[in-house]
Structure formats: structure tokens, C-alpha cells
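J.: Once you have looked at the hints, place chain E on chain A.
2 protein chains.
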Amino acid sequence: MDQETARDLATAARVATLATITPEGHPHLVPCCFVLDGDTIYTAVDAKPKTTMALRRLENLRTNPACSLLVHHYDEDWTELWWVRVDGMGRVVEGGQERERALELLAGKYEQYRTVPIPGDVVAVEVERWRGWP
Amino acid sequence: MDQETARDLATAARVATLATITPEGHPHLVPCCFVLDGDTIYTAVDAKPKTTMALRRLENLRTNPACSLLVHHYDEDWTELWWVRVDGMGRVVEGGQERERALELLAGKYEQYRTVPIPGDVVAVEVERWRGWP
Numbered sequence: 000m001d002q003e004t005a006r007d008l009a010t011a012a013r014v015a016t017l018a019t020i021t022p023e024g025h026p027h028l029v030p031c032c033f034v035l036d037g038d039t040i041y042t043a044v045d046a047k048p049k050t051t052m053a054l055r056r057l058e059n060l061r062t063n064p065a066c067s068l069l070v071h072h073y074d075e076d077w078t079e080l081w082w083v084r085v086d087g088m089g090r091v092v093e094g095g096q097e098r099e100r101a102l103e104l105l106a107g108k109y110e111q112y113r114t115v116p117i118p119g120d121v122v123a124v125e126v127e128r129w130r131g132w133p
Numbered sequence: 000m001d002q003e004t005a006r007d008l009a010t011a012a013r014v015a016t017l018a019t020i021t022p023e024g025h026p027h028l029v030p031c032c033f034v035l036d037g038d039t040i041y042t043a044v045d046a047k048p049k050t051t052m053a054l055r056r057l058e059n060l061r062t063n064p065a066c067s068l069l070v071h072h073y074d075e076d077w078t079e080l081w082w083v084r085v086d087g088m089g090r091v092v093e094g095g096q097e098r099e100r101a102l103e104l105l106a107g108k109y110e111q112y113r114t115v116p117i118p119g120d121v122v123a124v125e126v127e128r129w130r131g132w133p
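Quick note, the sequences are listed as chains A and E, same order.
Heads up, the final residue of the first sequence is numbered 133 in numbering that gives the first Met the number 0, and it's a clean run with no missing numbers.
Heads up, the final residue of the second sequence is numbered 133 in numbering that gives the first Met the number 0, and it's a clean run with no missing numbers.
So that you can see chain A by itself, here it is in the shape it has in the complex:
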């Protein structure tokens, strides 16, 4: 899969899985909504009931910025399977213009964010590598 196709599939995808690494060195996974802005991916910590887990994700990134996001399609016809993975470095965007821009982009992609406010932090992932299959 070429990088343009990978980008197109990632742009259209509604959900990704974000992997970070805990301070103990264990992988940590969470599904997330996200938006692609050039070579930056933004995702928001978006629901109060998830507060403890959301904090874990932020704490992981502050300790170790290495992270990865996967979007994929599953189909019972296995000739239709595909996935796109980005590897990069994550950081917490706690405020300012970048946060405002990220929230605007997220609300532009997800109608749900127009009625449900995003109370938490925004995470930015600077993409270093695209991978896709097939």
C-alpha cells in the first residue's frame, strides 16, 4: 500500500487504536477518535467517566512519547482486510491555539463533538512513519 492510500484510509477512518507504553514498560491500548492534520494526529480525552484511564494515557506519554495508532478494516472475506499504522511521538497539548485548532478539527470530523464538549486534554502525535497492508 502506498503512503497516499494509507493517508486516505486514515483520514476516512472513524476510530483508531492508540498504543502507549506504561512506566512499567507494558503496552497500553485504548480506542480513540482522531483527526489527521498534515503529519500530526490529534485525539482528545473526551469523556469524564474515563478520567482515570485518560490520565493513564497522558501519564504514559509524559514518561515515554513513543506511540502508535492503528486503523483497520475487518471483513469475513479475508481478501478485503486492510490496516494502516502510524508510528510517532505523542505529547499532551494542554492549551493555547494548537488546542483550539485541534478541537475545531475534531468537531469538523465528528458531529458528536459539536454537542458533547471535550472537557479533557488533547494529545498530538507527530507521525514519523506510515505503514499499510496490503
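Derived from the structure by calculation, the hints contain no laboratory data.
It is possible that some hints are incorrect.
Since copy identity is lost for identical chains, a pair holds within one copy or between any two.
Said to hold, decoys possible - List of simulated lysine to aspartate or glutamate pairs, DMTMM-like, C-alpha gap at most 25 Å:
id: 1; residue 1: K108; residue 2: E127
id: 2; residue 1: K108; residue 2: E75
id: 3; residue 1: K108; residue 2: D120
id: 4; residue 1: K108; residue 2: D36
id: 5; residue 1: K108; residue 2: E23
id: 6; residue 1: K108; residue 2: D76
id: 7; residue 1: K108; residue 2: E125
In this text the structure is predicted, and so the values were computed from the model without any measurement.
T.: The following block gives chain E in isolation, referenced to the frame of chain A:
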């Protein structure tokens, strides 16, 4: 979410995302088919075109057995979202009775494995912790 519900959702799920850690300490993600057998999850390295990537996954586990699997449901109605995550330790099952059993279980769950042989290795993940949301 209680553990029984998490188990039921994981048992019924057709695909998971497997996270391992590369020797360089970066998270590595790949979607995978899997089957739950008590507190062990089996997944197979199943397609020749993925060989290089499959080897990466196996190499990661040999270097660092810490891994995690996520299954989740996305819906545009965000009140319908859920996810189940298992954290555990992975190992490569290279042959013997355990491999035979894993292949039987996988073929029992996935009709596709009855016609497409599984040429590669089987990975076993010993589950240490279940997490589910909501």
C-alpha cells in the same frame, strides 16, 4: 463492566488489536484473529505476504513478552461504545500438542482457517488482567 461481560464480548469478537513492544521500546500494533481458551488467548501468524511483519511480532515477544489485546465496538451513537482489554505475557508456540489445540480452536471459530492453512507460528498470551469499559 464486570469480568464475565468482558469475557463474553471478547469471546464473540472476530478481531483484536495486538500490541507488542519492539526491541527499541516502541509500541507495535497489528490486527489479529484470535481465540480465547480459559485464560489463554491464541492467535496465529497466518498469511505469507505478512511474513516480515509477522516475524517482527514474534521477535518482539521473544525480546519482551509484555503484550496487550484490545477488542472494541465503534458506533456513531457514542452511548453504544465499548471496549475490552487484556494485558498479559505472550510467547511463541512453535509446535507440539499446544499448537495443534490452538489451530483446532482457531479453525473452530474461523471458518476461513478451514480452507486457508495456517503456515506460521502460533502466539499464546497468558492473560493477567481484564479491563472493560463502560
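J.: Does each hint fit the structure? Answer for all of them.
T.: Results of checking the hints against the structure:
Taking the shortest alpha-carbon separations for K108 and E127, only the intra-copy value of 23 Å comes in at or below 25 Å, while the best inter-copy value is 37 Å. Taking the shortest Cα distances, K108 and E75 sit within 25 Å of each other only across copies (12 Å), while inside one copy they are farther apart (28 Å). In this assembly of identical chains, the alpha carbons of K108 and D120 lie at most 25 Å apart only when taken from the same copy (18 Å versus 40 Å across copies). In this assembly of identical chains, the alpha carbons of K108 and D36 lie at most 25 Å apart only when taken from the same copy (11 Å versus 39 Å across copies).
When the C-alpha separation of K108 and E23 is checked against a cutoff of 25 Å, the pair qualifies neither within a copy, at 35 Å, nor between copies, at 34 Å. Only between protomers do K108 and D76 lie at most 25 Å apart by alpha-carbon distance; the minimum there is 15 Å, versus 29 Å within a single protomer. When the C-alpha separation of K108 and E125 is checked against a cutoff of 25 Å, the pair qualifies only within one copy, where the shortest distance is 19 Å, while the shortest distance between copies is 38 Å.
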